[in-house]
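Can you make the complete structure from the sequences, with help from the hints?
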Amino acid sequence: MNPVATLRRIAQQEDLNFLLTNRVPRIALTHAIGWWSRIRHPWVRDLSLAVWKAFSDLDLSDAKQQRFASLHDCFIRELRPGARPVDPRPGVITSPSDGIVGACGRIEAVDGEPQVFQAKGFPYKLAELLGDSAHTAALCRELQGGSYVTLRLTSSMYHRFHAPCDARLEHVTYISGDTWNVNPIALQRVERLFCRNERAVLHLRQPDGARLLLVPVAAILVASMRLHALDVPLNLRYRGPNELPCDAPCTKGQELGWFEHGSTILVFAPPGHVLAPGLATGQTLRMGQPLLVREDRRRSS
Numbered sequence: 003m004n005p006v007a008t009l010r011r012i013a014q015q016e017d018l019n020f021l022l023t024n025r026v027p028r029i030a031l032t033h034a035i036g037w038w039s040r041i042r043h044p045w046v047r048d049l050s051l052a053v054w055k056a057f058s059d060l061d062l063s064d065a066k067q068q069r070f071a072s073l074h075d076c077f078i079r080e081l082r083p084g085a086r087p088v089d090p091r092p093g094v095i096t097s098p099s100d101g102i103v104g105a106c107g108r109i110e111a112v113d114g115e116p117q118v119f120q121a122k123g124f125p126y127k128l129a130e131l132l133g134d135s136a137h138t139a140a141l142c143r144e145l146q147g148g149s150y151v152t153l154r155l156t157s158s159m160y161h162r163f164h165a166p167c168d169a170r171l172e173h174v175t176y177i178s179g180d181t182w183n184v185n186p187i188a189l190q191r192v193e194r195l196f197c198r199n200e201r202a203v204l205h206l207r208q209p210d211g212a213r214l215l216l217v218p219v220a221a222i223l224v225a226s227m228r229l230h231a232l233d234v235p236l237n238l239r240y241r242g243p244n245e246l247p248c249d250a251p252c253t254k255g256q257e258l259g260w261f262e263h264g265s266t267i268l269v270f271a272p273p274g275h276v277l278a279p280g281l282a283t284g285q286t287l288r289m290g291q292p293l294l295v296r297e298d299r300r301r302s303s
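In the numbering used here, each residue's number is its place in the sequence shown (first place is 1) plus 2.
Check each hint, because a few of them may be wrong.
[What the hints assert, rightly or not] Taking CB as the label site, the calculated pair distances span: (1) Gly147 - Lys66: 35 to 43 angstroms; (2) Ser58 - Gln190: 15 to 23 angstroms; (3) Pro92 - Gln68: 32 to 40 angstroms; (4) Lys55 - Gly107: 30 to 38 angstroms; (5) Asp113 - Ala140: 16 to 24 angstroms; (6) Gln256 - Gly280: 22 to 30 angstroms.
[Claimed, not checked] Here are the simulated DSBU-like cross-link-like pairs (lysine-lysine), alpha carbons at most 35 angstroms apart as the crow flies: (7) Lys122 - Lys254; (8) Lys55 - Lys66; (9) Lys55 - Lys254; (10) Lys254 - Lys66; (11) Lys122 - Lys55; (12) Lys127 - Lys254.
FYI, nobody ran anything at the bench for these hints, they're computed from the structure.
We put the beta carbon where it would ideally sit given N, CA and C, even for glycine.
Structure below.
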């Protein structure tokens, strides 16, 4: 019997998986793994990569380099040129990252407040996700009736995220929080999970003025995000201001930042944007593939 396959099957049992990834000192473990992953020693690197490969489908064939000084360097690896073609069509909002499509659909109002789902039967209020910001009320009004998509990055996926369209990054809201696992098992058990975890709200403005929000959500072992537009890491040790104005133009497909490991990106678009044809829960997307479509463009095509 293959011992690795046996361990994988055991880890996939829902109760045990939830216990091992959530009923632990999550923040302390996240700090510890962050420290361990940066150790630049061949023995530590090789052991860490061997364990990672044993429990995932890590594929480095499209990586820019094949050798890494540390586990962390492998986590945040870049891709070789041309590995992720970006759909160039105007009006097509592309996936900002590799990921598995989770909950998606229309941003509906319930009792006057926009609401979306983290999983079937597990709703959360958009205002709670976006945090106690001066922008929140206006954002919720603007996004009501629009569309949203949840993209889950597994541990073995490419962890950088990119601009889904030509836009300007106008503002970033950083919200510190917990580090619950964000896998499907946890999403079915922990209410309002995305509203509990560390996250950032990236405010993108399209050339015609339409808003687009990207919300990278951290998770256990992953509580750190880096953005090219900011000169500070956003992590659990960050003690700076929560509201971070910026003015960074970006073109479709341009790299915006990265997770220190895999996690989740939520995409929110105002009315006039609909899910791309064929998009469905459980589908695996690569960065640059169609995610949303502008309705005016769809009608004219």
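request  = Could you tell me which of the numbered hints above are not met by this structure, giving the numbers in increasing order?
outcome  = none
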